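J.: So the protein sequences, as listed, match chains W and L. Take 1 as the starting number for the first sequence in the numbering used here and just add one per residue. Take 1001 as the starting number for the second sequence in the numbering used here and just add one per residue.
For the record, the hints were derived by calculation from the structure and aren't laboratory data. A quick note: this is a predicted structure, and the numbers were derived from the prediction, not measured. Careful, some of the hints might be misleading.
To be verified - In silico lysine-lysine, BS3-like type, Cα no more than 30 Å apart, as pairs: (1) 1386/L to 341/W; (2) 1393/L to 386/W; (3) 341/W to 393/W; (4) 1386/L to 393/W; (5) 1250/L to 1271/L; (6) 341/W to 1382/L; (7) 1005/L to 1250/L; (8) 1213/L to 386/W; (9) 271/W to 1382/L; (10) 250/W to 1386/L; (11) 1341/L to 393/W; (12) 271/W to 1341/L; (13) 1382/L to 1393/L; (14) 1341/L to 382/W; (15) 386/W to 1271/L; (16) 1382/L to 382/W.
Protein chains: 2
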Amino acid sequence: MSLVKIEHVDFFYLAMPDILDIADGSQDTLLVRIQADGLSGWGECETSPLVSLANWVTPMSHSICQSVRSSVIGQEIDHPDDIRHLGQLVDRRGLDIAQTAHTFSGIEIALWDLLGKRARLPVYRLLGFDHAYAKTPYASQLFGETPEATYEKARQSRDQGFRAVKFGWGNYGTGAPEADDEHLSAARRGLGNDGLLMVDAGTVWGSNVDQAKLRLPSLTEHRVFWLEEPFVGDALAAYQELAAASPDVKIAGGEGAFNFHMAKHLIDYGKIGFIQIDTGRIGGIGPAKAVADYALEHEVTFVNHTFTTHLALSASLAPFAGIEACHLCEFPVEASRLAVKLNNHELARHEDGMVRASEEPGLGVEPNLEAIQEYLVDVEIKVSGKTIYSTPKLP
Amino acid sequence: MSLVKIEHVDFFYLAMPDILDIADGSQDTLLVRIQADGLSGWGECETSPLVSLANWVTPMSHSICQSVRSSVIGQEIDHPDDIRHLGQLVDRRGLDIAQTAHTFSGIEIALWDLLGKRARLPVYRLLGFDHAYAKTPYASQLFGETPEATYEKARQSRDQGFRAVKFGWGNYGTGAPEADDEHLSAARRGLGNDGLLMVDAGTVWGSNVDQAKLRLPSLTEHRVFWLEEPFVGDALAAYQELAAASPDVKIAGGEGAFNFHMAKHLIDYGKIGFIQIDTGRIGGIGPAKAVADYALEHEVTFVNHTFTTHLALSASLAPFAGIEACHLCEFPVEASRLAVKLNNHELARHEDGMVRASEEPGLGVEPNLEAIQEYLVDVEIKVSGKTIYSTPKLP
């Protein structure tokens, strides 16, 4: 087989007609298509779409402040190692543009999809895994407006067969600890005593450890399995202090990591128990797999971060598909209409309630071109009178 | 005096006609002007201009993935604390856009300039310093193509009265250690035995400690005062290992930090001896001052990172102007024609060869509107048929 030369890369910015000022990250997306050898590879960036479109095409500022495009177009790919080397090139030439990994992630994922389709192998096999273990999906959702609403959401998830549920954001952590406790109590009642309950604080306390400690008795009482993102991802000392103060409730974090080092630091210095990686942000499937391997060596559990589409879910499952010890999987249950309609296939829960990485070639999730048409946002970027990006037309 | 309401913010993307693929970061810039109360405050972002322009205007993706503009316009500023609070708001609402601090930095700097002009006080006084200590400027430049060229550059700097010189980038670290040694030997000869010589490796070794260690004997022999950025800023374990192996040559780094935490980690975990902060990237003068204070507590020396204009230099001097122990100052000596022409005033070296923060109100460096006209890059960004950014017209 010939090398895959990267020449045809298209970005599609898709958005809901009305974007709400809530933590639902599925309201828009930046989809990437790479066409070669008569095949299409697809990926998704977890990013601000317009910022990444500018990052894709931006004029050079100096040697390490260059567009992603300039490093990608014309490169040849034949083997997973080539994707890794391309990532290193993009990192180096884009070092002074913080957005670079967010933008490259979708390309990296699309290249794995393409190589998988070409080799007629699922991506997890290309990563060196022999087997995709079943994962327990947890229903990932936002807290209700009221404890009653949180209770109803928990009960509904239980009725849908979920044995694990996570609630996040909303007002959690912004008011009195007693108000937060009412939500946890309601969630536990709705889920039942035997369900796994997780809480996502959504970085609400910045780096304020005292605010987090105030909630530990309630989190312990309701047997919360992990407390996620009490702090911004860079607040390593705060993570470390809280982890030391919380023997029962493990700390989780990492979704903000946009390189291997940031995830490693949360493990090494932050002392978290669960590392949550979004392949659409960390630079793709390869860097995520490196984190999964590192976590395993350090007795930290790797979990995907996915709140959006099943394409993103498939890409996020691959890096730890073959690691039996990492048994949980974030599963989106309240994604936007756009995110739900975007893919023709989904990674449905099996009859046993479990989720497994796709056995289809590539990522096994094909975007629905009609949905892309419906939600496509028209963008044009002109520099010095020349159009350097415009939204591609679909056939 | 009334509050300053932020309503009129203009971004100017300026670039040299031809951008070369070298490490000279002065080939373009993103200038910010904020007009209020009949005054103009000016700042500069160290960023990829087009990426930050998109970051300024991007449509909302969700609650913590919002444009900088949406957090800034309409806010009121009266006191330095208000700038800090605005920074926190921007951080929070822009948490999922990695470029955010790069983009906000120029705004933050312009706000200090504005408040200083309004109060008729230099910015260092607004920061709480009583006195601006003289700093020893070091002539910051790229290595020559050959050792002879490096020798000439060093000799020229000495002839110009510089007692400290830094060489960086070029081919340093990319070939054999012997070739690197020839450059250091030439630099030392050109500078003379009594001059301070620093080396900037420009992250060339990624996180490979062995490559750095190979150069330590040569760095020690030529009495190099610091080795800067042997690794990418996130490679904390590599920094720590090298620092432990290098008792004579201190390690410097930090220019890539785009929040307080990243700089703190280089001090806490990376064990560097010099922390180098670019106010145009870390979120402005306030976060840089917080790093300077933290460094002082931890016996680490704060140094500015400035390779470009005298507006950037003035903004970068303010955060440590009043700290006598931090006595060195990076001083651009081979900035592009654009960077040299951009300002009407400069922070000239005094007769004693030293540099001091400006005593003029604000930052004391006014951009030259004619130079802006000459280098202005025309940009237009359209989303859904609506122009959301276009290059402002100058009067």
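J.: Decide, hint by hint, whether the structure agrees.
T.: Each hint, compared with the structure:
1. 1386/L to 341/W: Holds, because 27 Å separates the two Cα atoms, which is no more than 30 Å.
2. 1393/L to 386/W: 18 Å, holds
3. 341/W to 393/W: 20 Å, holds
4. 1386/L to 393/W: At roughly 18 Å apart (the allowed maximum being 30 Å), residue 393/W and residue 1386/L satisfy the hint.
5. 1250/L to 1271/L: 9 Å, holds
6. 341/W to 1382/L: 26 Å, holds
7. 1005/L to 1250/L: 45 Å, violated
8. 1213/L to 386/W: 47 Å, violated
9. 271/W to 1382/L: Roughly 45 Å separates the two Cα atoms, so the pair is violated.
10. 250/W to 1386/L: 47 Å, violated
11. 1341/L to 393/W: 43 Å, violated
12. 271/W to 1341/L: 50 Å, violated
13. 1382/L to 1393/L: 17 Å, holds
14. 1341/L to 382/W: 26 Å, holds
15. 386/W to 1271/L: 47 Å, violated
16. 1382/L to 382/W: 9 Å, holds
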